[in-house]
Amino acid sequence: MNPRVHGLGLLLLLLAARTATAGDLSAAEVACDSLRLSGLLERSAVSAPHSTKPSQLVLSFTASGDFAGQATGGGAGGSADAALAFSTNPEETTLLRNPARPQLFSVSLTRNDLNSDRVAPGDAHELRLTVNPTLDLGNPPSGNLLALDNLLSGGKSTDAKPGRGLGSLIAPCHDDFSARDVHVFRVLSRIARVEVAEARSIELAIYRGASVDTYRFDAYVSDAGGGSLGRLSGALSIPSSPSGDLGAASMEVFPPCQVGTATDCTSLSGDGAIALFKPVISGLPPPTPYRVSTAGPRQVDVDFADLLAGTSWRQPL
Amino acid sequence: MSRAALLRGWLGLFLGLLLGMPGWAGAETFTVRSLPNDTFVPSNVTIQVGDSVRFVNEGNGFHNVIEDGGAFRCAEGCDGQGGDGDPSAADWSFTLTFPTAGTIGYYCDVHGSPGVGMIGKIQVIAPGSPGRFDFSAESYSVGEASGGTSIVVRRTEGTTGAVSVRYAASAGTASAADFTPTSGTLSWADGETAVKTFSISVANDSLIERSETVLLKLSQPTGGAALGRASAVLTLIDDDVVSSPGRLRFRAPVFAGAEGDEAKIGVVREEGAVGAVSVGYATSDGTAAAGSDYPATSGTIAFAAEESGEKTISIPLAEDDDVAAEEFEIALLNPTGGAALRYPSRATGVILPEAAAVEALTAEEVACDAARLSGLLARSRSLAPRSSRPTSLAVSFTGTGDFAGLSTTGIGGGTGEAALAFSTNPEETTLLANPSRPQLFSVSLARNELNSDLVAPGSADELRLTINPTLDANPPAGNLLAIDNLQATSGRPADAKPGRGLAPLLASCHGDFGVADVQLFRVLPKLARGEAAGASGFELAIYRAPEPGRYRFDLFPLDAQGAASGRLAVDLEVVRSAGGDLVSGTLRRLGPCAAGQETGCSDLTGLAANAALAFWKPVLSGPPPATPYRISASGSPEVAVDFADLLAGTAWRRPLE
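Chains as they are written, first to last, in the numbering used here: chain L, 1 to 317; chain G, 318 to 974.
Think of the hints as simulated: they come from the structure by calculation, not from any bench.
Possibly wrong hints are sitting among the right ones.
Unchecked claim - One-sided excerpt, in silico: chain G residues whose CB lies under 7 Å from chain L:
no., residue
1, 356
2, 434
3, 456
4, 717
5, 755
6, 767
7, 961
8, 965
To be verified - Each computed DSS-like pair below joins lysine-lysine, with the alpha-carbon atoms no more than 25 Å apart:
no., chain 1, residue 1, chain 2, residue 2
9, G, 438, L, 156
10, G, 513, G, 534
11, L, 53, G, 534
12, G, 581, G, 628
13, L, 53, L, 156
14, G, 438, G, 513
Backbone N, C-alpha and C define an ideal beta-carbon position, used for all residues, glycine too.
All chains should be built: construct the whole structure from the sequences, respecting the hints.
This is the structure we're talking about:
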């Protein structure tokens with residue numbers, strides 16, 4: 001018998017008895033997740049250097065609480081836009097080859113080729129993602145940034161950089177997410193688009209709400225000059241179905257922030273919408289999406305059986 | 318000719334060829350290969366009407382070929398033509414013939430979609446065609462400060478005869494004050510296909526304005542050439558700063574710090590810096606209480622005339638026994654000097670509890686960790702293709718329980734050897750660009766360049782690492798996760814592949830590891846090397862023992878076929894100073910496995926009977942390594958380690974905090 005595979009039978013038994021995944025979350029845990037996402041988004045930038053169309057950066061989590069996300073650009077609703085999917089992994093300690101060098105906190109950033117659309121240099125769908133891992137929030141040298149792109153050749157598919165700036169963001173706020181949570185994060189990353197006139201850059205955080213079947217959106221919107229247009233926030237409730245499929249759901253956009261409130265509200269300076277587009281093969285026009293807007297309707301019913309018709313995405317893997 | 322008519326014409330001949338109709342006299346066949354880096358090469362092929370293209374996959378990954386409009390879908394033959402167009406990693410090839418002029422785009426179902434990803438294009442030129450003209454993109458952008466940009470125009474689908482086309486850049490929402498309107502003629506000689514460019518000058522004004530557009534147009538083609546993408550838009554991005562006192566905001570609506578640390582938030586002045594301005598700030602309670610969790614804080618932030626940018630407010634956070642995050646609020650108040658407030662002028666401060674890391678582990682959790690690592694090693698292979706020296710592959714964990722490891726070639730404490738550091742990350746769900754494709758479980762594998770030695774192709778220090786993510790014990794090479802330590806332009810720093818084989822191994826067995834554990838998971842692979850006469854390489858699993866401060870090593874010497882030949886299991890107990898520095902340790906060889914015992918014991922058969930585990934002092938490449946601390950299968954069962962000596966001259970004795 002191969003001595004390396006001793007214990008694999010035991011492993012399967014242990015896996016069955018392993019600790020449960022996160023159920024209901026406390027308000028502070030939800031706030032903590034929101035904070036981790038907004039903190040990384042604040043340090044992230046996506047650009048489509050050969051396109052004038054708005055880009056969008058969506059960020060959520062892997063099951064173990066590392067970051068996973070997707071940058072898109074070039075179009076809307078999954079049609080004619082391109083994706084750059086990625087995840088982070090904290091390396092925690094970098095021991096440089098020269099042992100006399102100090103240890104450095106480091107994080108790696110990796111493109112997921114299977115979920116990314118890769119293009120030739122100069123293509124209108126070229127996407128570039130940077131994450132600032134340093135303590136310098138001003139304007140660190142570009143060489144200190146984690147960087148990825150979706151180029152076919154000569155591109156950058158992974159990066160690791162030292163820097164303590166992400167140190168407070170990498171620790172998970174609670175137990176692992178469930179397979180359903182992770183599946184919803186991945187599907188929403190694909191189909192959710194934020195629509196704001198004058199927006200040049202949109203950063204969207206998708207995370208769990210307090211109860212097991214609610215999910216939250218926080219979209220941070222910037223204009224062409226990089227100035228903030230505010231935050232568009234909302235929630236999606238997807239009750240469990242007997243089959244486990246994603247079925248009937250309800251989506252809402254939160255009301256305007258009042259004096260004294262900063263969370264669970266929308267602070268956008270103008271009108272904006274969150275839309276869920278039916279996934280279609282690129283090149284085909286996207287069907288009419290499910291959409292909630294600050295201008296109304298503020299709440300809509302969403303039928304995932306319709307939204308994800310023709311796909312294999314309704315059930316967690 | 319319309320795209321649909323073009324495809325109908327092509328498909329008709331394709332069917333005819335399959336039925337045995339004669340081909341075109343004098344026609345040529347071109348070859349397009351799919352490569353492991355998910356590309357078609359060559360991706361652009363120009364052929365004459367009647368020529369054929371042979372697509373080849375030589376076990377180079379999970380690919381197929383689909384026409385952008387769905388007119389054909391092929392891999393091991395074509396759908397509807399007696400073949401199977403599903404993506405396949407097998408060796409396959411098929412040939413298509415193109416009877417009509419035009420451009421045909423195609424992509425791989427797994428790695429692309431029309432126009433993006435793993436794609437290619439075939440230009441079919443009619444003999445004697447002069448071709449057509451296109452802008453290289455439908456949109457371009459340029460910053461005002463750049464001074465201008467160049468626009469690319471292409472001649473495609475024909476090269477016969479001298480041709481020319483007129484270009485013009487005219488005002489959209491931009492005016493003549495923003496750019497210099499221009500027009501002219503671009504010319505190509507007979508047979509010429511090179512791209513041509515024309516320049517547009519942009520004015521760098523100081524006005525505050527929204528982005529503006531310039532309209533680009535191609536017209537009046539000569540020589541019989543046609544127009545393709547004849548319109549495009551250039552966007553001028555404004556980069557000026559308003560002449561006003563500016564606006565003030567917090568950098569973000571939420572900020573945080575850990576108990577015992579500081580919470581810091583930036584106050585930003587932007588969109589103007591005329592005159593001196595100031596703004597007040599004050600905290601208020603949420604679930605956190607001023608006095609016990611944080612000090613009530615208020616004050617004023619001032620910016621001098623012409624000063625913009627960001628200033629920081631720091632709030633110290635108290636330590637307590639709370640295990641949940643707590644919140645407080647902070648607001649900007651009473652701006653002076655004409656400055657205005659903008660969102661976010663209120664922010665939520667989150668006090669993060671100290672992370673609770675695992676301390677004692679149960680025997681079952683340790684066995685689970687050991688099984689995860691040995692399961693990964695059974696699916697992994699480290700190779701130094703240009704060296705006869707043994708390779709070593711050590712695997713352990715990141716703090717959150719994903720895999721991290723180090724592959725090295727050569728023996729001995731960092732001298733004369735190269736390293737390839739890596740980590741895995743489960744992606745859990747791959748939703749392919751084509752939504753009708755099934756979901757796939759996938760894993761990504763990435764090189765950590767900071768801990769790796771990157772080399773040029775052909776170097777004796779070249780290292781390759783593969784991991785089999787599939788349920789198949791011997792899958793095609795293209796289905797394996799693969800990275801190497803070649804320099805960026807020629808190497809493979811990251812990979813992602815579908816496959817359910819790793820699924821049982823990915824989930825962590827317990828809570829997160831603490832910084833002290835992670836420190837040793839990073840340091841020990843740098844130091845520990847296997848030794849055994851006749852071994853072709855070594856695999857090493859490093860994990861926690863049940864007691865805090867104790868670690869386990871499972872060393873697997875590999876025989877000439879790469880199979881594990883016994884196991885030397887070793888326990889390391891470490892002693893730290895009050896400050897957390899590693900002081901001393903004791904290596905203990907674990908005894909032979911009892912009946913039914915699978916972990917925490919040695920299997921001193923095969924090459925393991927004469928194996929040893931050595932811990933080398935890290936030295937810079939060049940000087941010979943010092944004598945290591947060594948524990949062997951047949952020597953003393955216990956060896957003392959002096960970490961002050963072993964790690965002398967390094968910064969590695971203390972965990973990174």
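Taking the hints in turn, this is what the structure says about them:
1. 356: Hint holds; residue 356(G) Cβ to chain L Cβ min 6 Å, cut 7 Å.
2. 434: Hint holds; residue 434(G) Cβ to chain L Cβ min 4 Å, cut 7 Å.
3. 456: Interface hint status for residue 456(G): holds (4 Å vs cutoff 7 Å).
4. 717: holds, 5 Å
5. 755: holds, 5 Å
6. 767: holds, 4 Å
7. 961: violated, 14 Å
8. 965: This hint is violated: residue 965(G) lies away from chain L, its Cβ roughly 9 Å from the closest one there, beyond 7 Å.
9. 438(G) to 156(L): holds, 24 Å
10. 513(G) to 534(G): holds, 14 Å
11. 53(L) to 534(G): holds, 19 Å
12. 581(G) to 628(G): holds, 10 Å
13. 53(L) to 156(L): holds, 23 Å
14. 438(G) to 513(G): holds, 20 Å
Hints 7, 8, counting from the list given before, are not met by this structure.
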